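Engineer: Read off the chains here:
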Amino acid sequence: MSLFHFEFRKLLFNKKTVSLLVCLFILYSLIGFVTSMFLIGSGKSYSVYEELAAGYEGPLKEEKAVWAKEIYEEVSARYGTDTRMIARSVKDQPETMLALKYNEFTERVDEYWNGTPPESDEEPYGIALLEAKLSELEMEGKQNTFAYTKLSDSLKRLTALGEPEFANILLWENLFVNWGEHMMQFLLFIPLTFIIAPVFAVERSTGMDHLILSSGSGRRKIVTAKLLSILAASVTVTLIYVAATFIFGFLPHASLHGWDAAIQSVPTYARSMFGFRTWQLAVVGAVWLIFTGAVYSLIVGFVSSRMKSQMGAAGVSLAILFINVGLAAMGDAVTQRFKPLIDFGLANVTLIKEVFGGYKMFHVFGMCVSYPVMAVFVLGLIAVLAGFGIYHGQKSRTVV
Amino acid sequence: MELQFEKIEKSYQDKKVLKDISVTMGTGVYGLVGPNGAGKTTMIRIMADVLRPDKGRILYNGRDSHDVGDEYRAKIGYLPQDLGFYSDFTGRDYLEYSAALKGMEKAYAKKRIEELAYSVGLQEELRRHCSAYSGGMQRRLGIAQALIDNPEILILDEPTSGLDPFERIKFRNIISAYSKDRLVLLSTHIVSDVEQIASQIMMMEYGVIHHMHSSGEYVKMMAGKVWLVEMSAEELVEYQKQAVISNVAAKDGLMEVRVIAESMPADSAVQAVPNLEDAYLYIFHFLPERAGR
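Line order of the protein sequences matches chains A and B. Per my numbering: the first sequence ends with 400, consecutive numbering throughout. Per my numbering: the second sequence ends with 693, consecutive numbering throughout.
Since the hints were made in silico from the structure, they are not lab data. Bear in mind that the values here come from a model prediction, so they are computed numbers and not experimental data. Possibly wrong hints are sitting among the right ones.
What the hints assert, rightly or not - Straight-line C-alpha distance at most 25 angstroms; calculated DSS-like pairs for lysine-lysine:
| # | chain 1 | residue 1 | chain 2 | residue 2 |
| --- | --- | --- | --- | --- |
| 1 | B | 651 | A | 308 |
| 2 | A | 395 | B | 407 |
| 3 | B | 625 | B | 651 |
| 4 | A | 15 | A | 395 |
| 5 | A | 395 | B | 455 |
| 6 | A | 142 | A | 353 |
| 7 | B | 510 | A | 221 |
| 8 | A | 221 | B | 511 |
| 9 | A | 44 | A | 16 |
| 10 | A | 395 | A | 360 |
| 11 | A | 156 | A | 308 |
| 12 | B | 506 | A | 221 |
| 13 | B | 580 | B | 570 |
Kindly generate the complete structure, drawing on both the sequences and the hints.
Structural biologist: Now the structure itself:
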């Protein structure tokens, strides 16, 4: 067997880790199943909702908007305006749920045309608002500025996307919540940390580094084998997460309804400037999770190469992850000060809703670069640095 | 093939563990003996390239081993003092992994594993997890991994610890047969391990190699310095406080005491035929005591 096979076996394909993977698969499946099964109450409610929603799909209809608004006002008078409270209160009431969703949709259409003042200066949204901001900049003679290029590009993309249309995307919305919220960072990245952390540290704790470091392949080839095994293990765990939440998210209702809807139909992605369909976003999201999972795993691998114990490596890696999450969760006053750290920190950059849910642009050497492209560049750089650091560390590593 | 230590120095914090070690080794078996803390393991680790010296270098056929890098390490077979194992590896996995680390071709590795398992008496045990092996079996597995790629330089740190007398004899025979055209460095506390098979024996203490001779030369050096004295058990209690004793045997109600001394220690003393163990005691106990160290 090649070194890679052994390293992969040590990391993932052994009794302990395979048992852990089975447990994770069950956990992920349960999460997919439970969140989907009780999406709007009992399983039957979703079937009714799907039938009712079929008559509402497509462009905004005025009379339906009026009907939805009336129901929303009635519900909010009874339960308040908190969306979570409302969602909990109208479970098993598919018609009310549809009205609420349609009302949300009418608001999104309004936002599409007019925006929702006060808008962020950096990321304004809405045709009218963008046009107004552009005119303002033109009046000031700032047509050659980054701000103008960015707003103009946003306007072009928004116009090309067209007015949002209503679609039943509940199951996809649930999938994107499972893939793109902070819960994912706990469910996927914490197990990844514990699986990857031993990759180098185990050699010290078992005393095997004597044999490895004194062998012909122990300084370079083994690092290549270990890096490949880190990537293979990371992809395997992420695929288990993606596959389990996908399959068991759609299985309870045996429906992929909404697969071809524009992602702007999903409330979280309403302001996305990307012209994806929901199935395309699912593919992009899965690839993004695999990519960011692999980069995080390389960071854990780097930490492991510098630590003597596996638990130490796991602890430091988790600290890195949670410092990022903690920073991102702080108020605007803090996040504005550490903006690049927040934008490209693990907390935000691993979430597909952050990267693909809006249209952030960065001004790099006179070029306008979109968030996903910039994120790929930054994460790629981090991965290369981690890999280089591991090679360099192993070259000069000693046993004491 | 020549391996040359050139003014090697190594310290841990303030403690100098190796002091200006310069020694040249060619093919053959080299024994490295000395008391605990002499610096043997540090010297072995530097030779195995798992530890870097603070000063000096090792020249492999005239080239700095550090520059030779992977090529130098590919020539090494190393049995460390503390051998590590993965808990879920069988004996076969362990040897296959060692072969993979050496970059050996799969079919050749398989053949070598069978040969070596037979040589070290583990052919029936390769399917078992090595964490379940006894200490002696783990040591034999370690010896097999060190030999797996027919290394040009074989470095063995305490290879016989945990082996029973029969296994030690078997091990010595393997190493003797193996050492032709190769360099074997064997570090040990057990003088008899190197007495018969080492062409040169280095005596090391406080990070310095004091002597490097053949076993015969050490024995010659001890001529007229080993004595047998008979005394009562009561006399022995007092006598051992002032003499370096290499052995005591009960004989006809008296004690026959083997004493290291440069002149006749008692009127009744008779000269004995010296061995390497006597030389060890002479160098590491008699001379330091006489020098007041």
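Engineer: Could you run down the list of hints and mark each one as holding or not?
Structural biologist: Hint check results:
no. : hint           : result
1   : 651/B to 308/A : violated, 56 angstroms
2   : 395/A to 407/B : holds, 23 angstroms
3   : 625/B to 651/B : holds, 22 angstroms
4   : 15/A to 395/A  : violated, 31 angstroms
5   : 395/A to 455/B : holds, 18 angstroms
6   : 142/A to 353/A : violated, 31 angstroms
7   : 510/B to 221/A : holds, 21 angstroms
8   : 221/A to 511/B : holds, 23 angstroms
9   : 44/A to 16/A   : violated, 40 angstroms
10  : 395/A to 360/A : violated, 40 angstroms
11  : 156/A to 308/A : violated, 54 angstroms
12  : 506/B to 221/A : holds, 16 angstroms
13  : 580/B to 570/B : holds, 17 angstroms
Hint compliance for this structure: hints 1, 4, 6, 9, 10 and 11 are not met, and every other hint is.
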